[in-house]
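Colleague: Build the full structure now, drawing on both the sequences and the hints.
There are 2 protein chains.
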Amino acid sequence: MTITLIGLGLIGGSLALSLRQHGLATRLIGVESNPAYARRALELGLVDEIGLDVAAAVAPASLVIVAVPMDAMLAVLPQVLDLVTAQQIVIDVGSTKGNLLAAVASHPRRGRFVAVHPMAGTEYSGPDAAVRGLFEGKTLVVCDAEVSDADAVATVETLFRALPMRVLHLGAADHDLHTAYVSHISHLTSFALALTVLEKEQRGEQRIFDLAGGGFASTVRLAKSAPSTWVPIFRQNRENVLDVLDEHLLQLQKLRELLASEDYAGLTEQLEHANAIKKIIP
Amino acid sequence: MTITLIGLGLIGGSLALSLRQHGLATRLIGVESNPAYARRALELGLVDEIGLDVAAAVAPASLVIVAVPMDAMLAVLPQVLDLVTAQQIVIDVGSTKGNLLAAVASHPRRGRFVAVHPMAGTEYSGPDAAVRGLFEGKTLVVCDAEVSDADAVATVETLFRALPMRVLHLGAADHDLHTAYVSHISHLTSFALALTVLEKEQRGEQRIFDLAGGGFASTVRLAKSAPSTWVPIFRQNRENVLDVLDEHLLQLQKLRELLASEDYAGLTEQLEHANAIKKIIP
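Protein sequence lines, in the order shown, are assigned to chains A and B.
According to UniProt numbering, the first sequence is numbered sequentially starting from 1.
According to UniProt numbering, the second sequence is numbered sequentially starting from 1.
Calculated directly from the structure, the hints in this document are not laboratory data.
Please note that the accuracy of each hint is not assured.
[Said to hold, decoys possible] The calculated lysine-lysine pairs, modelled on BS3-like cross-linking and capped at a C-alpha distance of 30 Å, are: (1) B:Lys254 x B:Lys278; (2) A:Lys278 x A:Lys254; (3) A:Lys254 x B:Lys254; (4) A:Lys279 x B:Lys279; (5) B:Lys279 x B:Lys254; (6) A:Lys254 x A:Lys279.
[What the hints assert, rightly or not] Distance ranges between label pairs, derived from CB positions: (7) B:Gln87 x A:Val131: 34 to 44 Å; (8) A:Arg39 x B:Glu272: 19 to 29 Å; (9) A:Asn34 x B:Val147: 51 to 61 Å; (10) B:Glu257 x A:Arg110: 29 to 39 Å; (11) B:Ala150 x A:Asn34: 54 to 64 Å.
Glycine residues also receive a C-beta, built at the ideal position from the N, C-alpha and C atoms.
Modeller: If you want it as structure tokens, here you go:
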């Protein structure tokens with residue numbers, strides 16, 4: 001299958017590696033607005049060639065994957081749908097769905113588009129961040145599948161199941177709500193933790209390095225993520241993110257109150273409740 | 001060297017493994033108030049024998065390591081110092097130092113005690129959580145070394161440098177301040193994140209599991225930690241923890257304000273600032 005990848009960053013690049021590894025792509029064409037990324041993607045062998053322009057890159061593809069930041073996605077996806085025939089299939093791999101699906105809801109080629117979100121990533125970005133096996137064993141969320149053509153959905157699910165990924169169907173609104181709760185808030189808290197420590201340890205980089213155990217490193221890891229990826233996600237999912245952030249502020253204030261008032265039995269009870277996450281994420 | 005370990009949990013157990021691996025302990029005696037932990041530590045070969053009582057276990061030791069939760073530490077450490085001779089050495093491995101050092105400041109054997117904090121751990125607890133190599137390449141903080149006998153400090157530092165660990169000298173007050181900033185706040189935010197997600201996803205354990213990528217897992221990992229370890233730490237370091245928690249609430253509220261007012265340039269600037277953590281924790 002000839003596959004065209006628009007966007008050769010962490011997700012696009014890792015998908016290229018996975019599709020190739022599982023023999024799912026016979027020819028991989030890349031499109032990338034950053035010339036240094038395009039050159040690097042070729043050097044790394046992520047794609048076989050770089051398309052001259054979007055139209056030329058889309059024409060020979062059975063499947064077009066759009067893997068650009070969420071703000072660019074809103075512009076690029078309708079442009080790609082303008083180009084495809086009734087035989088081609090288009091997917092996005094974006095982290096938010098509501099606005100995106102609304103933007104293409106009445107497009108004549110809406111049926112050829114399948115909205116998916118592979119629940120995987122790292123804090124790094126660009127083609128050098130591409131890693132083999134990133135999607136293995138993870139969940140692929142397919143959104144509003146009933147609005148897409150059945151053959152397109154079937155082809156896309158077969159492809160991702162081969163990586164292998166678990167397929168989960170969700171409405172776009174549900175997707176945006178639950179990813180805010182489980183994924184987007186983790187990034188916000190990690191960014192805020194980094195800001196907290198940097199504020200408290202001004203001119204104390206060596207001190208942070210000296211005292212950082214594995215716990216700090218793992219909690220602050222997501223704060224290394226690219227603002228150019230995450231600001232558009234927070235923007236597109238603003239209401240859900242604000243909602244879960246308010247809950248998080250409440251929970252932190254509750255812990256603060258228990259500690260300030262020296263209610264250690266109450267604090268223990270809360271931490272024991274938090275421990276329930278062990279049963280879910282072993 | 002005969003070494004007695006009081007407390008055979010994650011830190012005590014991991015130290016036993018490291019000391020044995022590097023040929024630093026010829027005989028390891030354990031003391032453990034939880035009979036199931038004591039039995040398990042013997043089964044795992046963490047120690048050679050379990051002492052009948054603290055006095056019997058301390059008597060033959062050149063070095064006594066007290067590795068119990070911080071509240072128990074305040075009671076156990078003076079009791080151990082009552083038992084030792086002017087030739088023996090005692091260390092704690094506790095996460096807070098101010099109250100502990102104040103509690104033994106005028107003890108006649110204060111010179112034989114060296115306060116250390118190995119900056120390493122995991123979210124698990126008990127002897128089964130003991131892991132080989134936990135301390136390798138990490139920092140050992142030695143607090144108020146000038147109050148300890150020079151020979152005791154030299155022996156302890158030589159021992160930990162062999163694991164190998166880097167040695168860092170800090171005053172007890174500085175230690176408590178900076179560990180609050182770098183370590184304790186990470187645990188609080190992780191506990192609060194777990195509480196947030198559990199609150200938002202009530203009866204949604206499967207949903208959390210489905211949507212959790214590596215980012216959520218790493219941010220929420222510390223929320224699996226034992227309240228019996230962490231409530232005493234928060235309690236002993238209460239003022240510093242409240243101070244850094246207040247800063248963290250300010251930082252989260254600042255991010256919230258930028259998102260609520262759709263100031264995406266301002267949000268980008270904050271996340272770029274947070275990215276500075278990359279240079280410190282690569």
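Colleague: If a hint holds in the structure, say so; if it does not, say that too.
Modeller: Quick rundown of the hints versus the structure:
1. In summary, the hint linking Lys254 of chain B to Lys278 of chain B is supported, as the alpha carbons are separated by about 21 Å, within the 30 Å threshold.
2. With a C-alpha separation of about 21 Å, the suggested pairing of Lys278 of chain A with Lys254 of chain A holds against the 30 Å cut-off.
3. A hinted pair counts as satisfied when its Cα atoms are at most 30 Å apart, and Lys254 of chain A with Lys254 of chain B qualifies at roughly 19 Å.
4. Taken as a hint, the Lys279 of chain A and Lys279 of chain B pair is broken in the structure, with Cα atoms around 34 Å apart against an allowance of 30 Å.
5. Only pairs whose Cα atoms come within 30 Å are accepted, and Lys279 of chain B paired with Lys254 of chain B is accepted, the gap being roughly 23 Å.
6. For the proposed pair Lys254 of chain A and Lys279 of chain A, the alpha carbon gap of about 23 Å is at most 30 Å, so the pair holds.
7. A hinted range of 34 to 44 Å for the beta carbons of Gln87 of chain B and Val131 of chain A is inconsistent with their spacing of about 55 Å.
8. Between Arg39 of chain A and Glu272 of chain B the C-beta distance comes to about 25 Å, which sits within the given range of 19 to 29 Å.
9. The beta-carbon spacing between Asn34 of chain A and Val147 of chain B, approximately 58 Å, falls within the hinted interval of 51 to 61 Å.
10. Under the hint 29 to 39 Å, the C-beta atoms of Glu257 of chain B and Arg110 of chain A, about 37 Å apart, fit the expected range.
11. With their beta carbons about 59 Å apart, Ala150 of chain B and Asn34 of chain A fall inside the hinted range of 54 to 64 Å.
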